[in-house]
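There are 2 protein chains.
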Amino acid sequence: MTAPARGRRLDPDARREEIVAGALRLFAEHPYAAVSTTDLAREAGVARGLINHYFGTKRALYLEVVRRLTTIPEVAVEELPPGTVEERTGAAVDWFLDAVDRHRGLWLAVGTGAAGDIDVDAILAEADEIAADRVLAALAPDAPDDPYRARVRSFFGLVRSASREWLVRGTLDRAGTRALLVDVLLAVLHRDSQV
Amino acid sequence: MTAPARGRRLDPDARREEIVAGALRLFAEHPYAAVSTTDLAREAGVARGLINHYFGTKRALYLEVVRRLTTIPEVAVEELPPGTVEERTGAAVDWFLDAVDRHRGLWLAVGTGAAGDIDVDAILAEADEIAADRVLAALAPDAPDDPYRARVRSFFGLVRSASREWLVRGTLDRAGTRALLVDVLLAVLHRDSQV
DNA sequence: CGAGTCGTTGGCAGCGTGTCAACGAGAGCC
DNA sequence: GGCTCTCGTTGACACGCTGCCAACGACTCG
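Protein chains in written order, with this note's numbering: chain F, 1 to 195; chain A, 1 to 195.
What the hints contain is simulated information worked out from the structure, not anything from laboratory work.
Just to be clear, a hint being listed does not mean it is correct.
Note that the list lumps identical chains together, so a pair holds whenever it fits in one copy or between two copies.
[What the hints assert, rightly or not] List of simulated lysine to any residue pairs, SDA-like, C-alpha gap at most 20 Å:
#1 K58 - A122
#2 K58 - S36
#3 K58 - R15
#4 K58 - A34
#5 K58 - Y32
#6 K58 - A33
#7 K58 - E29
Given the sequences, and given the hints that come with them, work out the whole structure.
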């Protein structure tokens with residue numbers, strides 16, 4: 001079934017898509033260094049040289065995969081119920097935890113992907129930037145950008161850690177994770193301390 | 001001066017130390033993949049084979065470096081001035097920021113080192129465990145371990161993010177970083193929300 | 001059905017890592 | 001002081017992986 005069909009011609013976009021799809025599977029369960037271009041080619045049913053032809057570099061393909069993963073969650077967060085800041089924050093956190101629970105594999109793959117890489121960091125930073133905008137618009141539309149956007153971006157670091165405590169280590173259950181995120185997000189949005 | 005002295009014999013422990021010291025310098029300013037064993041050998045003034053002789057693997061040497069970096073901050077945190085929880089928390093954060101400022105290169109190297117690596121994660125998790133103990137003992141000795149240790153560990157994720165906002169991106173100044181960490185740490189230690 | 005286009009392939013060159021047998025610096029002994 | 005023995009140290013070898021490139025041939029157009 002579905003013969004290998006070596007050398008069959010394909011539309012460049014479709015071929016790119018096949019390669020990215022295969023790479024997505026491999027990088028989701030093996031760290032970057034453990035995946036060779038040979039593996040990537042085999043998974044896509046293609047000659048190894050084609051990887052370089054389309055993406056130039058193994059790293060570039062990896063960046064493409066990361067880009068796909070981080071731009072998936074662009075679904076709307078806007079429809080939050082009216083109410084107090086606490087209620088709205090709780091609803092936002094619930095929505096987020098639902099999303100994480102649904103895509104746990106991919107979420108963890110991104111979080112533990114390959115931080116420390118300058119290019120990967122740039123992509124993640126870009127995604128965080130967008131997410132921070134959404135959070136501020138939804139929960140603190142009147143807060144000035146200056147400290148608060150950076151505060152929210154920092155908050156995402158805690159979000160990743162807490163996700164791993166919940167999904168990987170099991171030291172937090174979902175309710176405990178929710179409580180933590182709500183507590184901290186409120187603290188981040190309300191600057192209490194005197195400098 | 002200080003002739004190369006090729007092939008000079010040295011006590012194994014001293015030699016290990018020299019290699020680790022050189023590796024520490026290199027990994028502090030270049031990502032893992034960008035440092036070759038040849039570089040490591042040259043930096044230590046030694047033949048390349050000796051790296052493998054002492055550490056077996058480039059990765060093992062890297063893990064050793066990470067272990068050193070994460071266990072350095074084992075100096076005492078105990079001497080916090082008496083006072084309110086807010087004052088003590090502020091003092092702890094100040095102490096921490098001083099340490100980060102002093103070793104910024106190394107701190108960033110660890111934080112952005114190679115997350116996603118199973119072995120590195122294990123070392124970082126171990127270090128976080130110890131640090132969480134210290135924080136709890138110093139600031140909330142009566143809090144039950146169950147949710148609070150995991151909450152503090154999650155907090156360290158925000159600490160890393162905030163450090164990068166401060167040192168790398170410059171979107172937070174030191175005062176702003178301090179305010180954020182104090183606000184969040186207090187929120188983490190005081191569970192406000194109702195589950 | 002023949003010719004041209006371009007998606008695709010396989011092999012080549014270079015680099016980096018891990019292994020190993022042999023060398024020789026330094027210590028101990030006579 | 002010279003000899004010997006230990007073991008820290010070296011350099012070369014084999015292998016795997018990446019990026020590059022010229023040739024191949026599948027598909028299209030006239």
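Right, here's what the structure says about each hint:
1. Taking the shortest alpha-carbon separations for K58 and A122, only the intra-copy value of 18 Å comes in at or below 20 Å, while the best inter-copy value is 27 Å.
2. In this assembly of identical chains, the alpha carbons of K58 and S36 lie at most 20 Å apart whether taken from the same copy (8 Å) or from different copies (18 Å).
3. Within a single copy, K58 and R15 get their C-alpha atoms as close as 16 Å, which meets the 20 Å cut-off; across copies the closest is 36 Å, which misses it.
4. For the identical chains of this complex, K58 and A34 are neighbours both inside a copy (12 Å) and across copies (15 Å), given an alpha-carbon limit of 20 Å.
5. Within a single copy, K58 and Y32 get their C-alpha atoms as close as 9 Å, and across copies as close as 16 Å, so both meet the 20 Å cut-off.
6. In this assembly of identical chains, the alpha carbons of K58 and A33 lie at most 20 Å apart whether taken from the same copy (10 Å) or from different copies (13 Å).
7. For the homomeric pair K58 and E29, the shortest alpha-carbon distance inside one copy (17 Å) is at most 20 Å, but the shortest distance between copies (23 Å) is not.
Every hint, counting from the list given before, is met by this structure.
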